[in-house]
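Protein chains: 2
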Amino acid sequence: MRINRIDHLALAVDSIDAALPFFTEVLGLQVTNTDVEEGQGVVVAFLPVGDSEIELIEPVHDDSGVARFLRGRGPGMHHICLEVDDMDAALERLKTHEVRLIDDQPYIGTGGRRIVFIHPKAAHGVLVELYEKLPGGNGSANGRSRFAGRLPGRDELRANLDELRQAMVARGRVMAAGTRGFWGGLRRGRNP
Amino acid sequence: MRINRIDHLALAVDSIDAALPFFTEVLGLQVTNTDVEEGQGVVVAFLPVGDSEIELIEPVHDDSGVARFLRGRGPGMHHICLEVDDMDAALERLKTHEVRLIDDQPYIGTGGRRIVFIHPKAAHGVLVELYEKLPGGNGSANGRSRFAGRLPGRDELRANLDELRQAMVARGRVMAAGTRGFWGGLRRGRNP
Chain A
28 MRINRIDHLA
38 LAVDSIDAAL
48 PFFTEVLGLQ
58 VTNTDVEEGQ
68 GVVVAFLPVG
78 DSEIELIEPV
88 HDDSGVARFL
98 RGRGPGMHHI
108 CLEVDDMDAA
118 LERLKTHEVR
128 LIDDQPYIGT
138 GGRRIVFIHP
148 KAAHGVLVEL
158 YEKLPGGNGS
168 ANGRSRFAGR
178 LPGRDELRAN
188 LDELRQAMVA
198 RGRVMAAGTR
208 GFWGGLRRGR
218 NP
Chain B
28 MRINRIDHLA
38 LAVDSIDAAL
48 PFFTEVLGLQ
58 VTNTDVEEGQ
68 GVVVAFLPVG
78 DSEIELIEPV
88 HDDSGVARFL
98 RGRGPGMHHI
108 CLEVDDMDAA
118 LERLKTHEVR
128 LIDDQPYIGT
138 GGRRIVFIHP
148 KAAHGVLVEL
158 YEKLPGGNGS
168 ANGRSRFAGR
178 LPGRDELRAN
188 LDELRQAMVA
198 RGRVMAAGTR
208 GFWGGLRRGR
218 NP
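So the sequences go chain by chain: A and B.
First residue of the first sequence? That's 28 in this note's numbering, and the numbers climb one at a time after it.
First residue of the second sequence? That's 28 in this note's numbering, and the numbers climb one at a time after it.
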């Protein structure tokens, strides 16, 4: 098992719109892609830096892990993603060393890639994502660009992020309605 | 001004010796260099990952910024270092946007490179180091390897880190003796 490179460094921010001027106007980076991660309840924007990317992640739901991270620690570095050449070998190595993972099983990301998160308690306080490089893959965890290789302007980007947020909220409406009572009750101390 | 790549991601740890098995035995990375950073009061170890490096940083003095970081937040991601092609242009850009820096002036690192740290309050909670690539430089902020290209064994590495720590403590003895009363008094509330 070999780690090829840092695929991306993920930074948790309260608002991608508000954070972008620092990364684009001051540092001169550019957004090449945006996405949603339904499971994490976040919208994300990717900014390439050399052979890696910076990923800005913004929570859409208050109950997401990233929202809790922001409430507890404020914005900052959230996780690092390392690309491995052989996920089967990586999983075997993690098992041999009894390394604690966030989930028991790898989950399937863009393009069928397998992804695991190593628990920060097993990695000296760092949340480490391992993702597998697929043969013929484009060498990036975030897949094909939503903007077909063009660089989106600021207005286009803002509109695109709004659309992604609204779509996630709309898809989550049933679940939100179903869980609101439970969570609301929990907060007021009425549930066990 | 252009950012070429992520030079390194620095992780604050209580003990490099204790952290190494995760990074070497589990992730399969290797230490290629160690160093001291007197100004920060830390010893460091560099582990290449693709075109970047992971830097483990361990405080030697209790009063260093990294020691305070560890006491406040525990081990984890400490700063990211980005390589810029033109430090003059970078400084101009930072000035134009009134970006808050840790120090007023760049400081001079390995090989005469200029380095600035952007304050986390100006960078959405991320401590960002910018360092300049010099013409003909080896493309790495950490300079020439202490091990002349060989990979040190675990015992050699432990002995080397001990030597670096002890040398720093010896050099700092006078200052430590001079400041101990002040800090001790401050902690007990006797100084203003």
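Just so you know, these hints were derived from the structure itself, not from any lab.
Predicted, not measured: the structure shown is a model, and the values here were computed from it.
Please note: incorrect hints may appear among the correct ones.
Treat identical chains as interchangeable: a pair holds within one or across any two.
Distance condition first, Cα-Cα at most 20 Å in a straight line; then the derived SDA-like pairs of lysine to any residue [unchecked claim]:
id, residue 1, residue 2
1, Lys122, Gly103
2, Lys122, Leu184
3, Lys122, His146
4, Lys148, Asn60
5, Lys148, Thr59
6, Lys160, Leu56
7, Lys148, Ala45
8, Lys122, Ser42
9, Lys122, Ala175
10, Lys160, Gly55
- [ ] Of all the hints given earlier, name the ones this structure violates by number, lowest first.
- [x] 1, 2, 4, 5, 8, 9
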